[in-house]
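Trainee: Chain by chain, the residues run as shown.
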Amino acid sequence: MKFQSTYALVMKDVRSELRTRYALNALLMFVVTSVTTVLFALRSDNPSAQLLAGMFWVVVFFTAMSGLSRIFVSEEERGTTLTLRLLTIPSVVFVGKLVVNCLLTLTLTAAVSVLYVWAFPGFAIVSWDVFIATVFLGSLGFASASTILAAIIAKANVRGSLYPVLAFPVLVPLLMTVMNATARALEGETIALAFGDLQVLVGYLLVMTAGSFLLFDYVWVE
Amino acid sequence: MMTLAVQAKNLQKDFNRRTIFKGISFELGEQRSLVVTGKNGSGKSTLVKIVAGLLSATKGSVEYRTGNTNVSIDDIRDRIGFVSPYLNLYDEFDAVENIKVLSSIRSSSVPTDSAIQTMLERVGIAARARNLVRTYSSGMKQRLKYAVAAIHKPDLLILDEPTANLDEEGAAVVRSFVREQEERGILVVATNDPAEIRWGKIIVRL
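As they're listed, the protein sequences go chains G and Z. Just so we're aligned, residue 102 is where the first sequence starts under this note's numbering, counting upward by one. Just so we're aligned, residue 85 is where the second sequence starts under this note's numbering, counting upward by one.
Source of the hints: derived by calculation from the structure; they are not laboratory data. Every clue listed holds true.
Derived SDA-like pairs: lysine to any residue, alpha-carbon spacing no greater than 25 Å straight-line:
#1 K285(Z) x T150(Z)
#2 K184(Z) x R120(G)
#3 K103(G) x E181(Z)
#4 K103(G) x M86(Z)
According to the in silico footprint, chain G covers these stretches of chain Z (three or more CB under 8 Å from chain G):
#5 164-172
#6 182-189
Take a look, some chain Z residues computed to stay more than 12 Å from chain G by CB distance:
#7 N124
#8 N152
#9 I287
#10 R289
#11 L290
Ideal placement from N, C-alpha and C gives every residue a C-beta, glycine not left out.
Sequences are here, hints too, so could you generate the full structure?
Mentor: Structural data, given as structure tokens:
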């Protein structure tokens with residue numbers, strides 16, 4: 102691993118993103134519109150913790166699907182994929198893109214969390230430690246799965262529709278676990294009771310990242 | 085630094101069931117230049133991409149050696165420069181940013197500001213160094229590609245359609261890079277221009 106090159110790639114993507122707002126605008130607009138829609142849909146009800154936790158991650162899932170593929174699609178559209186392939190080794194590209202997607206996903210889940218706490222009185226987080234651990238591990242798991250899928254679909258012609266279709270079965274175990282753990286945080290369960298869910302999230306993150314790292318060479322090199 | 089050598093052995097490339105070329109072999113060491121020529125669709129760009137490690141050959145192999153040691157393409161990426169119409173730069177950055185960003189991704193050594201300024205003056209775009217690349221003409225982008233490809237003094241310089249989009253002044257800059265590379269290392273050119281074909285000590289006709 103070349104840490105200097107990886108750092109340079111991350112900084113390139115961050116600076117590029119701040120300048121072009123390719124993914125950031127799409128993510129934040131989607132967050133605002135989807136949270137508003139959910140707010141109007143549930144305003145007269147008193148939704149359960151399970152339902153609110155589910156809606157929280159539905160918003161995160163569809164928002165992530167609208168923006169995270171940009172990390173590779175934008176390189177493909179600008180014709181810079183070959184340039185990156187010439188300059189550095191695949192592992193540098195994978196780790197660099199993964200770090201950027203992690204930063205984007207953490208920003209996204211932080212924004213959704215703030216909006217949910219503000220908009221839904223029922224979304225009262227009792228166990229903050231469980232919630233933060235769930236959101237952190239869930240975001241990293243999302244980013245890891247999204248990164249390799251983005252690399253795969255960047256070469257396809259029908260990228261927009263292919264991404265959520267491919268992502269859904271891969272993300273189902275993660276979604277089920279984070280919904281469950283988030284509901285536990287809302288119901289005030291201790292971290293000891295949520296430990297099983299957090300173990301699943303750590304396991305998912307490790308398996309997905311290791312598998313993606315090994316697979317990426319074949320996706321990246323033509 | 086150890087001298088770089090490149091050896092292609094019996095290269096063949098198929099796209100689906102169509103064979104583009106086969107049986108291509110050559111050996112390149114210091115001060116050796118290769119020109120690949122042939123009609124449109126004969127596989128010139130494909131062959132230089134294989135030499136640069138951007139594509140894999142269907143059959144045969146390209147081996148890279150530094151001194152007497154075989155190395156992989158990943159070990160020598162920071163010793164390659166490549167200019168072609170299909171290798172794009174980042175439109176949202178200016179010329180200086182492109183050179184710095186791409187150099188730091190390529191290797192840990194980032195060129196100094198004065199080295200960048202000298203290179204931009206050499207390729208004739210110093211006056212527009214701080215303008216975003218999206219405002220450049222295609223010829224200016226081509227000149228910037230030369231700056232990015234040559235700033236680290238590569239041992240292997242690959243040029244695909246070297247003077248595409250360039251005016252006479254730009255073509256003269258390219259010839260100066262070619263002369264410099266012929267003395268320093270290996271030059272690989274894909275072209276159909278009769279004047280550029282004469283740059284090669286080894287000529288592969290596809």
